[in-house]
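There are 8 protein chains.
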Amino acid sequence: MGTVEDLGFAAVDHGRVLRKGFPEVVYCEGKTARQVATIALSITRSGNVLLATRANLRQYNAVRNVVRGARFNPVARTIVANEKLVVERGTGTILVVTAGTSDLPVAEEAVETARLMGNPVELMPDVGVAGIHRLLSQASRLQRASVIIVVAGMEGALPSVVGGLVGVPVIAVPTSIGYGASFHGLAALLGMLNSCAAGVTVVNIDNGFGAGFAAGLMNRERPSLKQRHGKRP
Amino acid sequence: MGTVEDLGFAAVDHGRVLRKGFPEVVYCEGKTARQVATIALSITRSGNVLLATRANLRQYNAVRNVVRGARFNPVARTIVANEKLVVERGTGTILVVTAGTSDLPVAEEAVETARLMGNPVELMPDVGVAGIHRLLSQASRLQRASVIIVVAGMEGALPSVVGGLVGVPVIAVPTSIGYGASFHGLAALLGMLNSCAAGVTVVNIDNGFGAGFAAGLMNRERPSLKQRHGKRP
Amino acid sequence: MGTVEDLGFAAVDHGRVLRKGFPEVVYCEGKTARQVATIALSITRSGNVLLATRANLRQYNAVRNVVRGARFNPVARTIVANEKLVVERGTGTILVVTAGTSDLPVAEEAVETARLMGNPVELMPDVGVAGIHRLLSQASRLQRASVIIVVAGMEGALPSVVGGLVGVPVIAVPTSIGYGASFHGLAALLGMLNSCAAGVTVVNIDNGFGAGFAAGLMNRERPSLKQRHGKRP
Amino acid sequence: MGTVEDLGFAAVDHGRVLRKGFPEVVYCEGKTARQVATIALSITRSGNVLLATRANLRQYNAVRNVVRGARFNPVARTIVANEKLVVERGTGTILVVTAGTSDLPVAEEAVETARLMGNPVELMPDVGVAGIHRLLSQASRLQRASVIIVVAGMEGALPSVVGGLVGVPVIAVPTSIGYGASFHGLAALLGMLNSCAAGVTVVNIDNGFGAGFAAGLMNRERPSLKQRHGKRP
Amino acid sequence: MGTVEDLGFAAVDHGRVLRKGFPEVVYCEGKTARQVATIALSITRSGNVLLATRANLRQYNAVRNVVRGARFNPVARTIVANEKLVVERGTGTILVVTAGTSDLPVAEEAVETARLMGNPVELMPDVGVAGIHRLLSQASRLQRASVIIVVAGMEGALPSVVGGLVGVPVIAVPTSIGYGASFHGLAALLGMLNSCAAGVTVVNIDNGFGAGFAAGLMNRERPSLKQRHGKRP
Amino acid sequence: MGTVEDLGFAAVDHGRVLRKGFPEVVYCEGKTARQVATIALSITRSGNVLLATRANLRQYNAVRNVVRGARFNPVARTIVANEKLVVERGTGTILVVTAGTSDLPVAEEAVETARLMGNPVELMPDVGVAGIHRLLSQASRLQRASVIIVVAGMEGALPSVVGGLVGVPVIAVPTSIGYGASFHGLAALLGMLNSCAAGVTVVNIDNGFGAGFAAGLMNRERPSLKQRHGKRP
Amino acid sequence: MGTVEDLGFAAVDHGRVLRKGFPEVVYCEGKTARQVATIALSITRSGNVLLATRANLRQYNAVRNVVRGARFNPVARTIVANEKLVVERGTGTILVVTAGTSDLPVAEEAVETARLMGNPVELMPDVGVAGIHRLLSQASRLQRASVIIVVAGMEGALPSVVGGLVGVPVIAVPTSIGYGASFHGLAALLGMLNSCAAGVTVVNIDNGFGAGFAAGLMNRERPSLKQRHGKRP
Amino acid sequence: MGTVEDLGFAAVDHGRVLRKGFPEVVYCEGKTARQVATIALSITRSGNVLLATRANLRQYNAVRNVVRGARFNPVARTIVANEKLVVERGTGTILVVTAGTSDLPVAEEAVETARLMGNPVELMPDVGVAGIHRLLSQASRLQRASVIIVVAGMEGALPSVVGGLVGVPVIAVPTSIGYGASFHGLAALLGMLNSCAAGVTVVNIDNGFGAGFAAGLMNRERPSLKQRHGKRP
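Residue numbers (the working numbering), protein chains in the order written: chain L, 26 to 258; chain F, 26 to 258; chain V, 26 to 258; chain P, 26 to 258; chain E, 26 to 258; chain G, 26 to 258; chain W, 26 to 258; chain Z, 26 to 258.
It should be emphasised that the hints constitute simulated quantities derived from the structure, not laboratory data. By construction, the Cβ of each residue, glycine as well, lies at the ideal position given by its N, Cα and C atoms. Hints may contain errors.
So the derived label-pair ranges between C-beta atoms look like this [claimed, not checked]: (1) V:E54 / P:E246: 54 to 62 Å; (2) L:R114 / E:A164: 36 to 44 Å; (3) E:E54 / F:P99: 16 to 24 Å; (4) L:E113 / E:L43: 26 to 34 Å; (5) W:R166 / G:R166: 51 to 59 Å; (6) W:R166 / P:E246: 38 to 46 Å; (7) P:E246 / F:G33: 40 to 48 Å; (8) P:S162 / E:N86: 31 to 39 Å; (9) L:E108 / V:L32: 24 to 32 Å; (10) L:G94 / Z:E54: 51 to 59 Å.
Listed below are several chain L residues computed to face chain F (Cβ distance under 7 Å; list not exhaustive) [to be verified]: (11) G143; (12) P145; (13) E147; (14) M149; (15) G156; (16) V186; (17) G192; (18) A212; (19) L215; (20) N219; (21) S220.
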């Protein structure tokens with residue numbers, strides 16, 4: 026199931042690219058800058074694309090000391106490297122929709138992730154349900170997408186409306202944006218889980234990475250399908 | 026501040042009709058059939074309209090033994106009597122909108138309450154956001170209403186969409202309809218409290234009565250306004 | 026349903042003033058100072074009143090560089106501009122009541138909002154239920170109001186008492202003021218949702234803006250009523 | 026610290042009457058009828074007053090087969106026996122106040138408990154804050170009490186108002202009465218814990234027994250005081 | 026956006042089949058048997074496949090009185106009709122995996138839904154993580170699937186392990202199976218939302234329908250792709 | 026019911042000393058230093074003892090500029106003044122027990138409050154249940170107390186053990202001390218509310234003031250008792 | 026890692042006895058009687074001890090039709106068979122302590138489990154902390170035990186006191202016994218997780234089986250130890 | 026039950042080493058540096074090993090001023106002294122496993138604690154379930170351990186997988202590592218409590234100390250066993 030590199034404090038899973046079609050992603054929260062840099066070096070050295078999420082500037086500075094060409098996106102809080110290794114694989118366009126301007130950092134994390142997995146990605150910001158015509162006026166753009174990620178805080182109602190308009194998978198990402206009783210994204214999370222629109226699935230609060238990755242898998246020509254096609258007469 | 030009738034187990038507040046413009050309403054949960062009937066008699070005898078909520082058939086049977094002409098609405102679970110005393114007072118139409126068919130019992134409680142307070146009331150059922158055109162095709166009807174009550178379970182997204190379309194007060198009523206993580210209406214409640222549409226206020230889960238009463242007050246020509254008008258040159 | 030101005034990161038909903046009778050309001054939390062200023066400029070340029078809530082000083086400074094005459098209320102944390110465009114529309118006085126002195130910032134946000142919507146607004150601070158005579162001694166002032174906003178933290182009991190005294194809509198605003206088991210306003214929120222007084226509706230924790238806006242709608246002569254009265258040509 | 030009687034499934038604490046001034050009380054929930062009866066017999070045989078709470082009819086029937094004169098209160102769900110052993114010990118009157126009629130079963134449990142501990146007890150039902158004059162008109166009766174128990178569901182606001190009127194201890198008992206977001210008494214519980222009135226302490230939801238017992242201790246001339254008096258010159 | 030049939034208590038959205046590629050699905054909870062039957066008739070009459078979820082026997086009996094050939098699955102609690110209209114559309118096999126035998130009812134609802142949308146579906150029951158070799162011994166079967174639905178209660182750990190083994194979308198369905206602190210599926214839900222395996226998205230507790238529907242969309246050749254293919258040289 | 030002094034932002038309740046036997050207490054959280062100082066001056070000027078809780082150094086400095094002799098307790102975070110007006114009123118000793126050293130700040134707030142109400146107060150720190158003999162070795166000191174306040178974080182078990190040993194009221198104060206699943210005092214709060222020892226009542230998390238005040242009332246010779254005893258002229 | 030028997034709806038893990046030293050245990054909740062019986066037959070036929078938990082009488086009747094000598098414990102709700110295969114393996118006595126009589130069903134499940142794993146087990150019921158001397162008088166019995174299981178509802182304080190008295194592992198089992206704010210065992214669970222006594226670990230609410238099984242493992246001579254012993258001279 | 030040293034603010038339990046086989050451990054959260062140092066001195070002076078947890082650098086500096094040779098572990102946040110007094114007592118090896126690198130601080134606290142109790146301890150980091158082969162490739166190392174501590178955040182699935190592989194006690198430690206809906210470790214905690222693998226017990230969130238201590242007790246030759254062996258013929 027693939028080789029593992031033992032760094033003492035971490036066991037880097039180099040076999041992941043074979044099993045998942047994408048190398049291990051570094052989650053930076055709770056790691057020292059040095060730990061992040063050492064793992065980043067291990068991944069890039071083995072010839073893989075680097076994606077590190079929830080990174081801060083200190084961690085980025087440690088990474089670029091050892092990994093040439095590492096790039097930091099301060100809004101998305103991502104570090105990427107070896108981008109030239111990305112191969113275009115998506116079968117359609119992934120559309121990332123946000124309810125408000127304050128949801129952009131989470132949306133950016135999703136965009137970075139999906140792009141690095143080889144997908145064409147488009148952004149449609151600030152079309153929350155309080156002004157529903159902003160969304161409806163772009164209905165044909167929604168209907169052209171292959172997978173849609175909807176990022177929303179507060180009541181998290183936007184995925185239900187989008188889900189009612191399209192026949193493709195909708196991934197809902199609750200954000201922690203909101204007044205008191207949003208309880209740091211809980212209200213949006215529950216709203217999305219209870220969506221009355223069929224075809225909506227949900228990821229963790231503020232988890233733009235998870236949405237981008239899942240969208241990348243959904244938009245990929247499946248390995249199993251290739252096999253199946255090979256078996257056909 | 027009005028007279029009180031001491032029934033031993035209850036202190037009926039006959040002054041409420043003066044302070045609030047509507048007599049005390051009987052909340053039947055946790056009361057014996059006999060207690061409900063005795064309070065109902067006290068209210069009707071003093072020349073007031075009777076509204077009892079959350080009533081069951083046993084309580085209704087006890088009431089109609091002592092109050093002539095009492096009527097039971099098994100969907101709304103309300104008992105009413107002395108309806109002929111209702112005076113039309115509303116300054117516009119109250120519109121009660123539901124997201125789904127399963128929300129009808131709560132909506133019916135709101136309708137009964139608002140009607141008994143003297144308001145014209147209309148019902149617009151099953152226009153949830155998963156099929157947004159059902160709502161949008163009735164936009165002009167929404168815009169003609171004076172106050173709108175929106176009843177929804179699951180993610181409770183409908184009030185936000187309605188609130189974005191109209192310039193009148195929207196009262197949101199979460200219902201306990203939904204799968205597991207609706208947590209008996211909590212998801213809808215939080216969604217409504219976090220509505221991104223301005224002008225939405227919220228009542229308790231399944232509290233059709235509370236919504237109907239508040240709508241009745243909002244739709245009423247205020248006593249204070251009459252006074253104020255009198256003082257103007 | 027109105028024009029939308031695309032700023033790249035935001036879609037400003039200039040049609041909102043037609044649908045809601047008030048232009049889009051800027052929620053500043055999670056936005057950069059530059060984003061707030063650009064949106065503020067878009068709103069004021071199109072001839073609308075500006076209201077920005079949850080603003081900080083940095084955001085205000087960015088706004089006043091581009092919007093002449095912008096004013097900051099550091100207690101309410103609001104930025105307003107184009108105030109001369111405000112038209113008096115209220116049909117009565119909106120009264121904002123607070124349980125304690127610590128609830129004033131939230132009350133101020135409600136006051137700013139309701140005033141900007143064209144309403145006469147009065148403030149009655151620090152009349153919490155632990156000294157009930159402070160409230161009762163002002164009963165006639167309560168009864169003169171057209172709509173009442175009650176701002177309270179801790180147990181949030183004040184709206185129930187106020188709601189029992191008056192026949193007009195009461196909007197309850199829970200605040201995050203309190204000891205540990207207030208859970209940042211949850212106790213007050215639940216208290217208000219469970220109010221035994223009819224006619225009380227609730228907004229989100231610390232959401233003075235939402236209360237002020239809803240009160241403004243309730244206190245407005247409804248467009249639909251004008252139609253009904255046949256005043257339109 | 027007192028003798029213990031081992032019944033195999035239970036260890037009856039006969040020393041409790043010495044330590045606490047009242048014998049062990051039987052909590053019937055989750056016990057078989059036979060277990061309740063055996064414990065009841067052990068307590069009464071050792072010459073103590075019997076109080077069993079949360080009892081059902083089956084448990085009562087098992088008890089009265091073995092304990093002569095046992096009495097069942099179906100509203101309070103209590104079984105009592107050996108009442109003739111009760112000695113009047115209270116230094117004042119304990120007043121039990123309820124917000125509504127539906128709170129009576131919990132109030133009755135408190136009344137039974139406090140009476141059995143030797144206190145004069147009075148009941149003041151249905152004086153909830155939505156009709157505050159019902160309470161205020163009895164202010165002098167409130168002020169004559171030595172300890173006050175306030176039983177309320179829904180928002181649980183009544184203890185704060187009562188606590189603001191009197192200079193004696195107020196014990197608040199939340200009940201599970203209410204609509205959805207009362208969450209089976211949680212709203213009232215949190216409200217009471219956050220009471221802005223000083224001197225209010227709280228017991229568990231629906232725990233009339235706990236309130237009655239604590240009130241009994243507060244109303245008792247303390248053993249320690251007698252000692253202390255004895256030691257003074 | 027499609028025609029709506031007004032049944033008085035319901036507005037059947039006949040346009041849904043165009044927007045979503047599948048007709049409206051009837052959620053039976055909270056509806057009367059008569060309401061369910063009337064909606065079922067409206068759907069089948071308009072030439073669409075019928076799927077009704079959370080149905081009971083009474084509702085089924087009402088349906089089969091008016092819809093010929095309706096079939097009831099008592100484990101899945103589904104009613105289906107017009108199955109001959111189902112067109113095979115899936116691009117690969119959907120695999121439904123369960124952690125335990127007790128999760129089968131939810132899994133069955135997913136199977137029924139995905140099959141009715143035209144997908145080949147396989148079931149792999151009882152391979153929970155406490156005996157991980159049961160799962161690993163079927164790794165190649167996992168890797169052949171096009172989309173995987175993982176149904177698990179208790180700690181909900183299975184989707185993380187499955188997600189680590191495959192490069193296709195994994196839809197996690199928490200079930201309400203478990204001891205006390207599962208809190209009716211909350212533990213499994215939170216576990217799945219926090220999955221450390223990328224590519225896992227989540228639906229509501231016990232929502233087999235939602236998982237089956239989303240899997241159906243993911244496994245479908247996207248309409249948008251056909252368009253895009255048409256544009257290629 | 027007493028006079029009120031209107032300070033614009035606050036309504037100081039000078040009648041509270043008559044109703045409660047102690048003047049209004051200033052809760053400093055959320056108030057400006059200037060507001061605290063102005064209220065402090067109003068209270069002390071009217072000849073009352075000053076107690077301000079949850080104060081910080083800035084608020085204290087503002088107070089001592091206007092109130093001579095004000096004293097700050099940085100552990101308890103209290104400001105007191107006019108201490109010479111305190112009259113010894115307690116009928117016995119109030120004992121404040123803590124489970125650990127980390128609970129001392131909350132205990133100190135209780136001590137300050139009870140002392141200022143005229144009670145003899147003793148402190149027994151760090152006798153948590155993990156070393157039960159520390160508590161048991163002081164059993165006679167426990168049994169001499171008139172009222173006992175038990176301050177504990179973590180699992181909050183100490184009040185149950187103390188409550189089992191004494192026949193006087195026990196006031197339990199949960200603190201926010203503890204590891205993750207203490208949830209800032211929630212675990213201790215729930216533990217205390219569910220105490221199996223009769224006679225335990227509970228105040229809010231970290232609310233040393235509330236416990237001290239309630240203990241002061243319980244330890245006071247009740248006004249009502251004097252009336253009953255006929256000692257008044 | 027052991028063989029698996031595929032029953033269609035279940036995959037019986039016959040290798041578990043090798044990995045864990047005890048065969049698979051049947052959790053009956055959510056399974057049909059027929060499913061339980063089929064699994065029970067599979068386990069007993071393969072020469073293993075049968076333990077089924079959370080069983081009801083219907084499930085038991087189905088089992089004893091196919092498994093000779095199956096025994097039902099209606100208090101513990103367990104089915105056992107092949108008891109003659111139990112080998113005594115424990116290195117000391119497991120003591121099961123309960124706070125109250127109502128905790129006995131959960132304690133019985135632990136007793137059955139630990140006994141079936143080959144351990145001597147003793148029961149010490151009803152020694153809750155409200156009468157601490159009941160526990161302390163049996164201190165030497167506590168100190169003789171090798172592992173202690175403490176079963177308690179309400180505030181769950183007993184494990185902390187026991188844990189302070191002994192130098193062996195204490196397994197705490199919260200039960201769902203208690204008044205309202207026990208929230209079905211949540212209060213006891215949180216209390217136990219926050220125990221100030223070192224050496225206490227916790228299992229799920231009402232999970233007597235889990236406690237009994239863990240105690241069995243702790244009390245077993247470890248396989249690894251045998252290896253180590255082999256290395257000794 | 027052992028001597029207690031009264032430090033005024035603390036009662037140091039010198040008898041704990043006799044009852045528990047390990048001296049009192051200092052929990053530093055909420056204590057002043059001076060308090061920590063004074064307690065540390067008391068413990069070391071009485072000839073005991075010092076372990077202080079949740080310490081910061083200021084507290085460490087105060088300790089090393091008075092306790093010679095005190096050592097600080099900044100990752101584990103522990104202070105230790107008198108290490109030469111540690112006596113090897115463990116009957117096997119304790120293995121500490123982590124799901125990710127970010128869980129290392131909690132794991133380190135467990136390692137320090139178990140080592141100080143005299144156990145051989147090994148660390149196996151970063152073998153989370155998303156790359157299950159990392160764990161499985163070390164199965165024999167897992168099976169050699171005597172007790173296993175599993176530290177994991179996010180969904181906390183690792184203990185279930187480990188528990189399915191071994192026949193020794195597994196202690197699960199949830200950490201607060203994770204995205205939004207981990208709710209600071211709640212998701213992992215609930216996951217672990219609901220583990221489908223038998224033999225898993227749980228400690229508080231981030232409580233490495235508690236896990237290390239419990240593992241130490243489990244791995245110890247029990248005093249009671251020695252006694253028992255001695256008493257045998």
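Against the structure, the hints:
Take V:E54 and P:E246: their Cβ atoms lie about 58 Å apart, and the range 54 to 62 Å holds. The beta-carbon spacing between L:R114 and E:A164, approximately 23 Å, falls outside the hinted interval of 36 to 44 Å. Between E:E54 and F:P99 the Cβ separation comes to about 19 Å, which falls inside the hinted range of 16 to 24 Å. Roughly 31 Å separates the CB atoms of L:E113 and E:L43, a value that falls within the hinted 26 to 34 Å.
Against the hinted window of 51 to 59 Å, the Cβ-Cβ separation of W:R166 and G:R166 comes to about 29 Å, which falls outside the hint. About 40 Å separates the C-beta atoms of W:R166 and P:E246, a value consistent with the hinted range of 38 to 46 Å. For P:E246 and F:G33, the hinted distance range of 40 to 48 Å is not satisfied, since their beta carbons lie about 33 Å from each other. Separated by about 58 Å at the C-beta atoms, P:S162 and E:N86 break the suggested range of 31 to 39 Å.
Distance hint check for L:E108 and V:L32: the Cβ-Cβ separation is about 29 Å, which falls inside the suggested range of 24 to 32 Å. For the pair L:G94 and Z:E54, the supplied restraint of 51 to 59 Å is violated, since their beta-carbon distance comes to about 44 Å. Interface hint status for L:G143: violated, as the beta-carbon distance to the closest one in chain F is roughly 32 Å, over 7 Å. Against a cut-off of 7 Å between C-beta atoms, the interface hint on L:P145 is violated, since the closest Cβ of chain F lies about 27 Å away.
Hint status for L:E147 relative to chain F: violated, with the closest Cβ pair at about 22 Å, above 7 Å. With its C-beta approaching chain F no nearer than about 17 Å, L:M149 sits outside the 7 Å limit, and its interface hint is violated. Given the 7 Å rule on beta carbons, the hint for L:G156 holds: about 6 Å separates it from the nearest Cβ of chain F. Contact between L:V186 and chain F, as hinted, is supported at the beta carbon level, the nearest pair being about 5 Å apart and thus within 7 Å.
Evaluation of the L:G192 hint against chain F yields a violated restraint, the C-beta minimum of about 13 Å exceeding 7 Å. Here the hint on L:A212 is kept, as its CB sits about 4 Å from the closest CB of chain F, short of 7 Å. Satisfaction of the interface hint for L:L215 is found here, the shortest Cβ-Cβ separation to chain F being roughly 4 Å, below the 7 Å cut-off. A hinted interface residue such as L:N219 counts as satisfied when its beta carbon comes closer than 7 Å to some beta carbon of chain F; here the least separation is about 4 Å, so the hint holds.
Because the beta carbon of L:S220 sits about 5 Å from the nearest beta carbon in chain F, less than 7 Å, this interface hint is met.
Hints 2, 5, 7, 8, 10, 11, 12, 13, 14, 17 from the list above are not met by this structure, while the remaining hints are.
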